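Q: Below are the chains, spelled out letter by letter.
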Amino acid sequence: VRTTSLTLLALTACVVAGAGALSGADLVQATDRDLGVFLVRGTGGWELRRSDSGASKVALPSRLVPYRLEGLSDGWVVTGTVAQGARSNLVVARIGDRPTERLPPPPDRFGLLRTNPVPLVANGMLRGLAWIEGDRHDATSVLAAEWLGDRWGPVETVSPRGPGTQIALACAVLAGGDWLALWSGFDGGDDEIVWSRRSEAGWTAPERLGGDNAVPDITPAVIATRSGALAAWSVYDGEDYRLRLARLAGDAWSLEAVSGARGSLYPQALRAGDRILVVHGTVVPAGWSIVELDEEGGRLRLLRAGSASPERPILLVRWGDALELAWPSPAGGLRRVSALAVPEPREP
Amino acid sequence: MPGAPIGRRATPVLAGACLVLSGLVPSAARAQVFNYLAMGDSITAGSFDEENGVPTNQGGYPGRLDAHLGCDGSPSSCAIYNEGVGGNTTSQMLSRINGVLNQRPYDAMLLMGGTNDIFKNTSNETIEFNLTELSNRASARGVDTVFASIIRFHPSGIHGTSKDPQVADLRARVTGLAGQRSGYLADNWPLLCPNGSCFANHYYDCVGNPGQPPPCGANRTVDPVGHPDGSGYDIMAITFAAGLTFEDPPGVPEPTSPSGTVPASPTTYTWKRDPGTRATWHQLEIDGPGGTVHSRWYEARFHCGGSSCSVNPGVSLAPGSYSFRVRGRTPRGRGDWSEPGLFTVLAPPEPPNPLAPKGTFYSAAPLAFVFEWSTSANATEYDLEVTGSGTQIAETYAAASICGGSSCASPPSPPLSGGAYSWRVRARNGAGTGPWSKRTSFTVVDSPPAPPVPGYPDRSIFNPDPSYMWTGAKHTNYYRLEVFFAAGGKRLERTFSAAKCLGTVCSRSTGEALAPGNYTWRVIGGNPLGESPPSVSQAFTVRPCSPQSRQVQNQVVTSTVLVEACQTVIAGDLGAGPYVVGAGGDVTLYAGGSVEIQDGFSVSPGGMLTLGVDP
Numbered sequence: 012v013r014t015t016s017l018t019l020l021a022l023t024a025c026v027v028a029g030a031g032a033l034s035g036a037d038l039v040q041a042t043d044r045d046l047g048v049f050l051v052r053g054t055g056g057w058e059l060r061r062s063d064s065g066a067s068k069v070a071l072p073s074r075l076v077p078y079r080l081e082g083l084s085d086g087w088v089v090t091g092t093v094a095q096g097a098r099s100n101l102v103v104a105r106i107g108d109r110p111t112e113r114l115p116p117p118p119d120r121f122g123l124l125r126t127n128p129v130p131l132v133a134n135g136m137l138r139g140l141a142w143i144e145g146d147r148h149d150a151t152s153v154l155a156a157e158w159l160g161d162r163w164g165p166v167e168t169v170s171p172r173g174p175g176t177q178i179a180l181a182c183a184v185l186a187g188g189d190w191l192a193l194w195s196g197f198d199g200g201d202d203e204i205v206w207s208r209r210s211e212a213g214w215t216a217p218e219r220l221g222g223d224n225a226v227p228d229i230t231p232a233v234i235a236t237r238s239g240a241l242a243a244w245s246v247y248d249g250e251d252y253r254l255r256l257a258r259l260a261g262d263a264w265s266l267e268a269v270s271g272a273r274g275s276l277y278p279q280a281l282r283a284g285d286r287i288l289v290v291h292g293t294v295v296p297a298g299w300s301i302v303e304l305d306e307e308g309g310r311l312r313l314l315r316a317g318s319a320s321p322e323r324p325i326l327l328v329r330w331g332d333a334l335e336l337a338w339p340s341p342a343g344g345l346r347r348v349s350a351l352a353v354p355e356p357r358e359p
Numbered sequence: 025m026p027g028a029p030i031g032r033r034a035t036p037v038l039a040g041a042c043l044v045l046s047g048l049v050p051s052a053a054r055a056q057v058f059n060y061l062a063m064g065d066s067i068t069a070g071s072f073d074e075e076n077g078v079p080t081n082q083g084g085y086p087g088r089l090d091a092h093l094g095c096d097g098s099p100s101s102c103a104i105y106n107e108g109v110g111g112n113t114t115s116q117m118l119s120r121i122n123g124v125l126n127q128r129p130y131d132a133m134l135l136m137g138g139t140n141d142i143f144k145n146t147s148n149e150t151i152e153f154n155l156t157e158l159s160n161r162a163s164a165r166g167v168d169t170v171f172a173s174i175i176r177f178h179p180s181g182i183h184g185t186s187k188d189p190q191v192a193d194l195r196a197r198v199t200g201l202a203g204q205r206s207g208y209l210a211d212n213w214p215l216l217c218p219n220g221s222c223f224a225n226h227y228y229d230c231v232g233n234p235g236q237p238p239p240c241g242a243n244r245t246v247d248p249v250g251h252p253d254g255s256g257y258d259i260m261a262i263t264f265a266a267g268l269t270f271e272d273p274p275g276v277p278e279p280t281s282p283s284g285t286v287p288a289s290p291t292t293y294t295w296k297r298d299p300g301t302r303a304t305w306h307q308l309e310i311d312g313p314g315g316t317v318h319s320r321w322y323e324a325r326f327h328c329g330g331s332s333c334s335v336n337p338g339v340s341l342a343p344g345s346y347s348f349r350v351r352g353r354t355p356r357g358r359g360d361w362s363e364p365g366l367f368t369v370l371a372p373p374e375p376p377n378p379l380a381p382k383g384t385f386y387s388a389a390p391l392a393f394v395f396e397w398s399t400s401a402n403a404t405e406y407d408l409e410v411t412g413s414g415t416q417i418a419e420t421y422a423a424a425s426i427c428g429g430s431s432c433a434s435p436p437s438p439p440l441s442g443g444a445y446s447w448r449v450r451a452r453n454g455a456g457t458g459p460w461s462k463r464t465s466f467t468v469v470d471s472p473p474a475p476p477v478p479g480y481p482d483r484s485i486f487n488p489d490p491s492y493m494w495t496g497a498k499h500t501n502y503y504r505l506e507v508f509f510a511a512g513g514k515r516l517e518r519t520f521s522a523a524k525c526l527g528t529v530c531s532r533s534t535g536e537a538l539a540p541g542n543y544t545w546r547v548i549g550g551n552p553l554g555e556s557p558p559s560v561s562q563a564f565t566v567r568p569c570s571p572q573s574r575q576v577q578n579q580v581v582t583s584t585v586l587v588e589a590c591q592t593v594i595a596g597d598l599g600a601g602p603y604v605v606g607a608g609g610d611v612t613l614y615a616g617g618s619v620e621i622q623d624g625f626s627v628s629p630g631g632m633l634t635l636g637v638d639p
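Chains as they are written, first to last, in our numbering: chain A, 12 to 359; chain B, 25 to 639.
Treat the hints with care, as some may be off.
Going by beta-carbon spacing under 8 Å, a handful of chain A positions derived as facing chain B [unchecked claim]:
id, residue
1, Gln95
2, Ile178
3, Arg310
Listed next, the stretches of chain B that the computed footprint assigns to chain A, with coverage defined by at least 3 CB atoms under 8 Å from CB atoms of chain A [said to hold, decoys possible]:
id, stretch
4, 113 to 121
5, 185 to 192
6, 379 to 386
In short, the hints are calculated from the structure, not lab data. It should be emphasised that the depicted structure is a prediction, and the values quoted were computed from it without experimental measurement. By construction, the Cβ of each residue, glycine as well, lies at the ideal position given by its N, Cα and C atoms.
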């Protein structure tokens, strides 16, 4: 069901099966190989589901809090954390048609908390892992390690312990093979988006993305583009959080003006072919928005899907350029809502 | 967090009779209801509020709090509105709160958030920032904030106790915010986990073990963080109530200023806080002649220091009588209104009324004057201005030093020599300077008058007792008329008051007939300083009267004509006036009716007089 109306939102509830709902702790979607694949906590344990076919059980810890799912040439890699008392341990596992393979945790652990594990995947191969580690939530370092095929390389410090919390790590492997890491870091006044890039020379010193300001910049997402990368995060404009996009070309970032509806939060960047899709929730109007961009990060259109569900959906490409948001149920159903193009909002 | 918001949002979650819904009670009564806003996420919404898998339908902690606070439906009672939304982060609440606050006038906001922020990779620094902003939004609308720490994540949940340090740190931050602001904290953090050990039976029981019934099963939602169950919400409601009922509503403040009469619209209003209470807000209400001028809540932390509070409401009051009153408020409730503080805003004073000097003063030597005027209400100063005869005096006097009773008197002025003067006075107070009084004139005469100039009679006349006419000088109080026989010797002497003259032109008869003959007359002016030299002597002749010989008929008059005794003037068409009585004998004039003119008349130049025959 689709309409060409620019303003009318048509909601299509396709399948509602089972009861209950899934939180962000129960669901993670592959971001760039096959958007139709997602890992979900089913009623009988973890399942790797395809939106258009069945599901397969995956042997993962029942208490896993998944963080990322990335496609490999021969399956997927899922990362997440498992709490053990006051400790938070990393989980890195290769899943798919073959039996689940748990990779060893990165070496040289020094902190009680290991969180935000982001797999670094290039050409279908797991290249490394970045994560945040420390004894307290507000006394952490950003770390990374290269995956050498059978073991982790030495732990690399992307960002040492800062003046406050470092959190919400997002990473991408750039076209040339460099690694890019972004996170939200407290600078003594407020949270800023901080980035660092790993080349053959190592990690660059962390820098603010977008300069200093006096308001929080939070929860970044990043995805590689043909010429660099696209980052998206939320920034407080004095009344609401709104979306901010930035493009990396070469070594330079260019920032887009703050945009989006009121309460544009928790962006996730995904790839569908040569399109980049930034999914984020909005508070007013309540629902979800998708910024569709081309391979270079140029804006193509804005789509909206009205839904009162506060839980993050998965994004599905139905046919052509038609997009849907879907909320899986633990029992296996999908509640789908069409995303329709809407005019870009005027000045917020 | 997961789970739809419990469906009691935006309605009072009051049990029993406390249904203070719009339209059910008179507006005046409804305005007294103390409205609580419960702002938060699913834990505020009351998600997972069940016991043994059965929903309690009690609406989480807000639905239970009303009974603890005594919200009983009375007009002065309270209502609690649940605006918890499942899954909400503090970042999202910022986009909701304006709309929520617009729904009705709230008094206090119970603010609990952060659980979902932690879950969604947001730092405590940002959560604290957001909570501060939320509280600021409420403050801007006069709404107090009761901060609440969040409960610990369920230790058996998927996060274990790994989030405990962050939750504890957030508790410390929230406690700090509460201390900076209302001072009220609902400390939920240790609630379900006293002494570090959690009561699992107060948490919703399906946490992180899907597919392993009981308690989890296909029909039950897994709780990723740890919500209270029904018994947990019971405890949480008690915790909120304990924070709010720990103290009584605030006592009564005492207005201190403005009071009495103030010279201008007050900029600052001050009052004493009632001792022993900690009102977090004060409502200032200013009432004037036309009703309430100003009513607004002010946050104590910005406006109070020690035992006193002061605000500048930015209200400009016109002169008049006013009162202001104050009452305190805590998240527990509103206190009683203070007694009104009464004050009057002054207007600039009305102009005084000059009393003295006025008129004419005779003195050969210069005179010093004491200027007197009536007091103007609320005047603090007076300006005196005297001008005339080359003199200018401008003085300002303090009212307290020159006024007593209903009048004020200046110190003696510098001596004023002869001449014409005028003076005026105006009053001033803190509200400004009033208008000048009317000018009052007075004259100082320092010499006898100049001699008068005699006029009529100056010819042969028939009237044996003519009206003597002369032009006097200024400042003449009286005239002395002397008539002499032409041959010598005074025939008679009369003294007349100058007050009966028309300006300086005087006309008087002596009341004594003169025998036909030749005479002279002169006149002398006088005032308290002496008499003028005699005027020049004027000669005249009294002739016997022969009435028929002096008739004038149909005579066109183009200049003043004097009509004398023995002359009968009849049947005249007077035409345009004016007609001025002149000197002469008794005359009767008939003109378009009858006009009786005594003692002669004259017609001004340009007028026309036609005299006819007596009918």
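Q: Could you tell me which of the hints above the structure violates, numbers in ascending order?
A: Result: hints 3, 6 break, sorted rising.
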